[in-house]
Amino acid sequence: AQSVTQLDSQVPVFEEAPVELRCNYSSSVSVYLFWYVQYPNQGLQLLLKYLSGSTLVKGINGFEAEFNKSQTSFHLRKPSVHISDTAEYFCAVSDQNNAGNMLTFGGGTRLMVKP
Amino acid sequence: EAGVTQSPTHLIKTRAQHATLRCSPISGHTSVYWYQQALGLGLQFLLWYDEGEERNRGNFPPRFSGRQFPNYSSELNVNALELEDSALYLCASRLAGLSTDTQYFGPGTRLTVL
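Line by line, the protein sequences give chains A and B. Residue numbers 239 to 353, in my numbering, belong to the letters of the first sequence in order. Residue numbers 8 to 121, in my numbering, belong to the letters of the second sequence in order.
Note that these hints are calculated values from the structure, not bench results. These figures come from a predicted structure and were not determined experimentally. Incorrect hints may have been included.
Said to hold, decoys possible - Each computed DMTMM-like pair below joins lysine to aspartate or glutamate, with the alpha-carbon atoms no more than 25 Å apart:
#1 K296(A) x E253(A)
#2 K307(A) x E253(A)
#3 K287(A) x D57(B)
#4 K296(A) x D57(B)
As the list claims (entries may be wrong) - Label pairs and their computed distance ranges (CB to CB):
#5 S265(A) x L102(B): 17 to 27 Å
#6 T27(B) x E258(A): 38 to 48 Å
#7 T16(B) x S268(A): 34 to 44 Å
Unchecked claim - From the derived model, a few chain B residues whose C-beta atoms are all more than 12 Å from chain A:
#8 H25
#9 W55
#10 P69
#11 P77
#12 V120
#13 L121
All C-beta atoms, glycine included, are put in the ideal place defined by N, C-alpha and C.
Here chain A stands alone, though its shape is the one from the complex (with noise of 0.2 Å):
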């Protein structure tokens, strides 16, 4: 089994300022990682995917993630926010050797840019 640990719930930020969402995972198998994105009443949209290879995964409108095996993380960052950012930010794990690939996500972390 795998559990998801989004450290902070909300995260203020103003804008052109970077954000780093914080993500830390459990799990005795070895997982993917995913960061998906929800604005206001909408469904989720893929951020970005970590599968293997680079640690440091670029993924749509200017995010990045690093992959930390030893301390189980999966951050995301964004140099320099705009207020189209503000959202519902979650990040998600699933099992490698698990075909159907079923998602385990986080808590959320609500990303606020303010002007």
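Start from chain A and add chain B according to the hints.
Same frame as chain A, but now just chain B:
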């Protein structure tokens, strides 16, 4: 290419009633997933269908059920509705065969139980 679609957008029911939620996957996708996003409980995996069969289910009671049709669309049925079933129900689809494939989510159906 059309994304995952879900209907209805909103659904209001009363306790003990039955609800049916529908999902159409992306063309070519054969796997469909259902997730519940309830206030305070986060996003939880409900059901996985692939090639018409239920392959896995999360920790939900049997009154949550569903099916997948030959065209790979799916419906989620919730019987004997309870107040705590109020949530956003998200459907996702995926190409089957590779566990690395991405799940693509629909906009969700917001179920309110009064």
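Results of checking the hints against the structure:
no.: 1; hint: K296(A) x E253(A); verdict: holds (21 Å)
no.: 2; hint: K307(A) x E253(A); verdict: violated (31 Å)
no.: 3; hint: K287(A) x D57(B); verdict: holds (23 Å)
no.: 4; hint: K296(A) x D57(B); verdict: violated (30 Å)
no.: 5; hint: S265(A) x L102(B): 17 to 27 Å; verdict: holds (24 Å)
no.: 6; hint: T27(B) x E258(A): 38 to 48 Å; verdict: holds (42 Å)
no.: 7; hint: T16(B) x S268(A): 34 to 44 Å; verdict: holds (38 Å)
no.: 8; hint: H25; verdict: holds (24 Å)
no.: 9; hint: W55; verdict: violated (5 Å)
no.: 10; hint: P69; verdict: holds (19 Å)
no.: 11; hint: P77; verdict: holds (20 Å)
no.: 12; hint: V120; verdict: holds (19 Å)
no.: 13; hint: L121; verdict: holds (20 Å)
Violated hints for the displayed structure, listed by number in ascending order: 2, 4 and 9.
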